[in-house]
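Chemist: Please take these sequences and the hints and turn them into a complete structure.
Chains A and B are the protein sequences, given in the same order. Just so you know, the first sequence maps onto residues 808 to 1260 in the working numbering. Just so you know, the second sequence maps onto residues 131 to 249 in the working numbering.
Calculated directly from the structure, the hints in this document are not laboratory data. Note that CB positions come from ideal geometry on N, CA and C, so glycine has one too. Any given hint might turn out to be false.
With a cut-off of at most 16 Å between alpha-carbon atoms, the simulated EDC-like pairs for lysine to aspartate or glutamate come out as follows [stated by the list, open to error]:
| hint | chain 1 | residue 1 | chain 2 | residue 2 |
| --- | --- | --- | --- | --- |
| 1 | B | Lys-221 | A | Glu-1080 |
| 2 | B | Lys-147 | A | Glu-853 |
| 3 | B | Lys-147 | A | Asp-1083 |
| 4 | B | Lys-147 | A | Glu-1197 |
Here are the simulated distance ranges between beta carbons [stated by the list, open to error]:
| hint | chain 1 | residue 1 | chain 2 | residue 2 | range |
| --- | --- | --- | --- | --- | --- |
| 5 | A | Leu-918 | B | Val-134 | 54 to 62 Å |
| 6 | B | Glu-191 | A | Thr-839 | 37 to 45 Å |
| 7 | B | Asp-161 | A | Glu-1197 | 50 to 58 Å |
Some chain A residues well away from chain B (every beta-carbon gap over 10 Å; in silico) [to be verified]:
| hint | residue |
| --- | --- |
| 8 | Asp-933 |
| 9 | Gly-975 |
| 10 | Ala-1104 |
| 11 | Pro-1227 |
| 12 | Gly-1231 |
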Amino acid sequence: MGVSDTFLMGCGAGFSGDRIDAPLSVVDAIATSGRPGAIMFETLAERTLALGHVARRADPTQGYEPLLAELVGPILPVCTRAGIPIIGNFGAANPPAAAVLLQRLAVGAGLPELRIAVVHGDDIRDRITLADLAVWEGDAGLAGSTDGLIAANVYLGARPIADALLAGAQVVVTGRVADPSLALGPLVAHFGWAWEDWDRLAAGTLVGHLLECGSQVTGGYFADPGFKDVPRPEAIGFPIAEVSADGACVITKAAGTGGRVNVRTVTEQVLYEMHDPAAYLTPDVTLDVTGIAVEQAGADRVQVRGARGHPAPPSLKATVSFEGDWIGEAEISYAGPNALARARLAAEVIGKRLDLRRLPVRRRLDLIGALSVFDDDGASLAARAPEAPEVRMRLAVSGAERLPVEQSLQEVLALLCCGPAGGGGMRSQVRNRVRTVSYLVPRNMVSPQVVFA
Amino acid sequence: MTRVALHQVAHARAGDKGNRLNVSVIAYHPDLWPLLLEQVTADRVHALFRHRGATGVIRYELANLHALNFVIDEVLEGGVNASLNLDIHGKTNSFRVLGLDVDVPDALLPRLPAFRSDP
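Modeler: Here it is in structure tokens:
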């Protein structure tokens, strides 16, 4: 297998909110290589999808990835010229509306013939009865009332994406699909792997898993100065996988970009959000990484091979979202001599004030700078917090109603006059939350379709 | 034998799904891998998260990657939609695990990335 037989699978975004100038170096590298390739965008976390549904409810033309135009607009000309398909779950809660925007961008770029396919079928809200479905085991403790249903979206697999590409799509817009399927779809379309060729499907799924978080495999979320250094983190090149017909790949990035690809960056991403490494479940296959080899194959080049596959799980996972509670947060700083004692006193005063007013909220107090994220909601470790030059006292409260949450935060504001000496820099915010629970859905309840816009 | 923070010996990354957290711990050098296997046990990791309600820890061993993968249940105070923690995803917890102490045989000290021999 020569280099010219490889397919270049790139990634332009790893979450909603990623760097908007990242995709261009990826598609330029694919285009100048002269080899076939595609670029994927993964912008849809569970919470992001729920927020999309809320946005769509307020305005039926919204609900897709808010940065879609900024992410995809600049690469449309080169992708069209070089024949690089774009695949993204940036349709979020409203893929048809995303397709309308893409059509408008294409016309603006002088590409009115752009073929855009929309994958339908992930939105199953009107097809299911939650009482009939099992809750995914990891969320067993989270399932509660099924009132206030906002949305239910099942994770689709790679098949509709491959179908769309084989039918000539230049852009494939999806809502909820399994993140690795965004890469497996184009790989199956290109190499013609069979849908029961489990080892190939596993290898393509591993490619997608390594790419789905964008720069997290090329030096993003990695730097630890003095231990794991990353060159030019302000200009990290997003990943490109050079995939062979047998599914082995080399992870790399565009020449001249920042970041780093080595065995360490790749190994961290292999295990990212993985539970049983012998059984990573997607709609397409069960992936086993316990026998893979990860080896340096040159500067910023790492070869990954040896993925094994087993049949896909019988059920599909669905994210179901409900109206959640209100959360409020307020912070105030104490600095200099005796800062920790003053912040601690502020926290005690807030606790007593909330008790006195009998506000119906759940609460947590932190001493940011001394101890916060490693503590629990009961602040069981805070008594041992070390002295610090600056400490920021934080109150977090949640409740079913907005008013008592706001009233709780107002107590932190009142510390500006009534609290310990030298408090300053008070900030607060209140927002509504969405609650999500994962369910298992039988495959026969799901039927994806591809529609050209 | 020298006692150091696990941070000197291994690197780590955390990820969340619902109320479940996984933390990978990866040896900086293949020679350090047996030390992880022996000393970074599921019980020790569970002890780090018991105050947050963790109900169980499973340790997966990946000899091919010189890595351990810890899956920690019920540790995220209800997950991103319910937690009052600043870090709703629990992503900072990779460095809580790296705060564990481990004993390194002196012969292996040159394998540590921040090793400085005495002048």
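Chemist: For each hint, tell me whether it holds in the structure or not.
Modeler: Hint-by-hint comparison with the structure:
1. At roughly 11 Å between alpha-carbon atoms, B/Lys-221 and A/Glu-1080 fall within 16 Å of each other, so this suggested pair holds.
2. A distance of roughly 10 Å separates the Cα atoms of B/Lys-147 and A/Glu-853; the hinted pair therefore holds under the 16 Å criterion.
3. For the proposed pair B/Lys-147 and A/Asp-1083, the alpha carbon gap of about 13 Å is at most 16 Å, so the pair holds.
4. Using a Cα cut-off of 16 Å, the hinted pair B/Lys-147 and A/Glu-1197 is violated, with the two alpha carbons roughly 33 Å apart.
5. Between A/Leu-918 and B/Val-134 the beta carbons are some 58 Å apart, a value that agrees with the proposed interval 54 to 62 Å.
6. Here the CB-CB span from B/Glu-191 to A/Thr-839 is close to 42 Å, well matched to the stated 37 to 45 Å.
7. At about 41 Å, the CB distance of B/Asp-161 to A/Glu-1197 disagrees with the hint of 50 to 58 Å.
8. Residue placement check: A/Asp-933 keeps its beta carbon more than 10 Å from all beta carbons of chain B (closest about 23 Å).
9. Its beta-carbon lying about 36 Å from the closest one in chain B, A/Gly-975 satisfies the requirement of being farther than 10 Å from that chain.
10. The Cβ of A/Ala-1104 sits about 16 Å from the closest Cβ of chain B, beyond the 10 Å cut-off, so the non-interface label holds.
11. Interface exclusion of A/Pro-1227 from chain B stands, the closest Cβ pair being 22 Å apart, more than 10 Å.
12. Interface exclusion of A/Gly-1231 from chain B stands, the closest Cβ pair being 20 Å apart, more than 10 Å.
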